[in-house]
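Trainee: Please arrange chain B on chain A, whose structure you already have, making use of the hints.
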Amino acid sequence: MPEKIDQTQVKKVAKLSRLELTEEEVQQFTVQLSAILDYVEKLSELDTEGVEPLAHCLPISNVFRQDEIRESLGTEKTLANAPQRDGEFFKVPKILDDSSWA
Amino acid sequence: MDHLQYKVVVGLEIHVQLCTKSKMFCSCAVEFGQPPNSRVCPVCLGMPGVLPVMNKQALEYAVLVGLALNCEIAAFTKWDRKSYYYPDLPKNYQISQYDLPLSAGGFIEIPLESGKSKTIRIIRAHLEEDAGKNLHTAGNFSQVDLNRAGTPLLEIVTEPDMNTAAEVRALAVELQRMVRYLGVSEADMQKGHMRFEPNVNLIIAKDGIEYRTPIVEIKNLNSFRALEKSIDYEVSRQIDEFFETGKTLETGTKSTRGWDDVKEVTVLQREKEDAPDYRYFPDPDLVPVQLSKEWLEEIKSRLCELPIHKQLRFVNEYGLNDYDAGVLTADRSTAEYFEQVVAQGGDAKRACNIITQDLLKLANEKGCTVVGLRIPANHIAQLCKMVVMGVASATAATTITTIMSGSPDKPPEVIARERNLIQKSDVGELEAVVDQVLAENPKAVEDVTSGGKKSSKACGFLLGQVMQKTKGQANPKVVSEILAKKLE
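Order-wise, the sequence lines are chains A and B.
Counting from 34, one number per residue, gives the positions in the first sequence under the numbering used here.
Counting from 188, one number per residue, gives the positions in the second sequence under the numbering used here.
Among the clues, some could well be false.
Claimed, not checked - Derived Cβ-Cβ restraints for the label pairs, each shown as a range: (1) A/Glu58 x B/Asp464: 18 to 28 Å; (2) B/Asp394 x A/Glu78: 53 to 63 Å; (3) A/Glu121 x B/Glu373: 43 to 53 Å; (4) A/Ser50 x B/Phe328: 19 to 29 Å; (5) B/Lys305 x A/Glu78: 46 to 56 Å; (6) B/Ile396 x A/Glu121: 56 to 66 Å; (7) A/Thr81 x B/Lys243: 28 to 38 Å; (8) A/Cys90 x B/Asp464: 19 to 29 Å; (9) B/Arg308 x A/Pro86: 23 to 33 Å; (10) B/Lys303 x A/Leu49: 39 to 49 Å; (11) A/Ser50 x B/Leu455: 26 to 36 Å.
Everything labelled a hint here was simulated from the structure, so no lab data went into it.
All residues carry an ideal CB built from backbone N, CA and C; glycine is no exception.
Next up, chain A with everything else stripped away, as it sits in the complex (with noise of 0.2 Å):
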């Protein structure tokens, strides 16, 4: 049986996902990715004509707040966790290409 998924693809995920992968783990998630879209593709063997689409998996629908303020964390907080800062802000390597947010 053919691999769902090649080499090609696993790099471009991870790539897609920042993700450096030596050519060893590249072989490991190709066949571990296609074993689980294996596994995946039985939900396949199920007659699915007509059925509508699911948009969530809960029968519910309409789960609002109002629009009112509650105290956030504080600066401080917020950077806690921050592998690095530089004063009030998150510090990141350069960023050249500052058009990806679309």
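Mentor: Frame of chain A; chain B shown alone:
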């Protein structure tokens, strides 16, 4: 060489920040200019184990805009995750709407010069959350402030129906006026409440064949002026590029260019070889929204007369010109104030003059709206009557409004009396002054009666003398009539 035949094609992607008190999916305050990272909680930080909960007000604001944009409002809508990795997006996905947007298939009318309008189709308008802010000014690293992360944003996408930079600007201004009327956004471009990203390309006719240039998306536009200028720049740049490289929509690539506000040029940011892979999927943390007919009707009842309709009505109902109607309807409260003045008996044209010329100037000086001057509408109505009846001159009206802005409770007649600003229109009283002036200036009288070149100048001189003697309080119209009668 033949005149170059080309057509500009522009579609817009617009982000409008909704002015809710709290964020889209958590209770952090939405406030501009607060200390960095002070309006953040585990939800908008994307901590594990937290759950977002929808802000009802944000949804209703979005529906209101969808209705104003003549869109079909979806009875069933859901939330999707849009995956991308960026420091300003702590969850590594943005909560947005993909295949079931809140509203779609609408249109907006934009006013063009000389009272005409054009219809621009709206593809969709959906709700999403804003990202944080990256700052690149600190040196060899970037700073991230997440206060803005999670602010409700309405994304509006138009069809490429605009064909000039002026039309794009007109749409931007109209949309700003619309969301302000609806009270759903402050829509301040400088503060990033409204962000416009035009997609621009050209259809160039050459040797009987139509060529389409590659589409360019422009970013970093923070004023209407920049929006308009960037399109003009892009048009000439794309013409040059086409004749240099021959690249077309089919052979070239879509690119993103940033606007440089100082140099007034667009700068290449990146070329998109392939479409970004956002891997949308339904957000399991959020349940769908079902909008019942009753709820939709209730939201519909909050719609107000849209600015472009109000402007048109002001022209038809009050006989104002299109420009003045545009100035009056730029701000909803000012437009409503004008109508209150008219309802209290103020002449529409006088009221328009006083508001657009005197009150708006005073309001700008004070940094408030016309209504913020706190002058009761009936006082302005009285002032209009005084001007129409000749009790106050237009100049006196300006002086009176200035005083009113300092003491808003004082009626205009009281101010006029206190400051000797009552215009003298009594024929008998003015005749005496005219007679005196005529006696004192026989040379000018002769110039007028003998006719010829000097006549009108001398007449003006005599009028000026009467005004001087009455300390500017004589009604010039009445004086002119007396002069004409006496000198015929």
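Trainee: Next, verify each hint and record whether it holds.
Mentor: We went through each hint and held it up to the structure:
1. A/Glu58 x B/Asp464: 18 to 28 Å: holds, 21 Å
2. B/Asp394 x A/Glu78: 53 to 63 Å: holds, 59 Å
3. A/Glu121 x B/Glu373: 43 to 53 Å: violated, 24 Å
4. A/Ser50 x B/Phe328: 19 to 29 Å: At 23 Å between Cβs, range holds.
5. B/Lys305 x A/Glu78: 46 to 56 Å: Once the Cβ atoms are compared, 54 Å apart, the range 46 to 56 Å for A/Glu78 and B/Lys305 holds.
6. B/Ile396 x A/Glu121: 56 to 66 Å: Given a distance of about 58 Å, which is inside 56 to 66 Å, the answer is holds.
7. A/Thr81 x B/Lys243: 28 to 38 Å: Cβ of A/Thr81 to Cβ of B/Lys243: about 34 Å, so the range 28 to 38 Å holds.
8. A/Cys90 x B/Asp464: 19 to 29 Å: 25 Å Cβ-Cβ, so the 19 to 29 Å window holds.
9. B/Arg308 x A/Pro86: 23 to 33 Å: At roughly 28 Å between Cβ atoms, A/Pro86 and B/Arg308 fall inside 23 to 33 Å, so the hint holds.
10. B/Lys303 x A/Leu49: 39 to 49 Å: holds, 48 Å
11. A/Ser50 x B/Leu455: 26 to 36 Å: Since A/Ser50 and B/Leu455 have Cβ atoms about 27 Å apart, the given range 26 to 36 Å holds.
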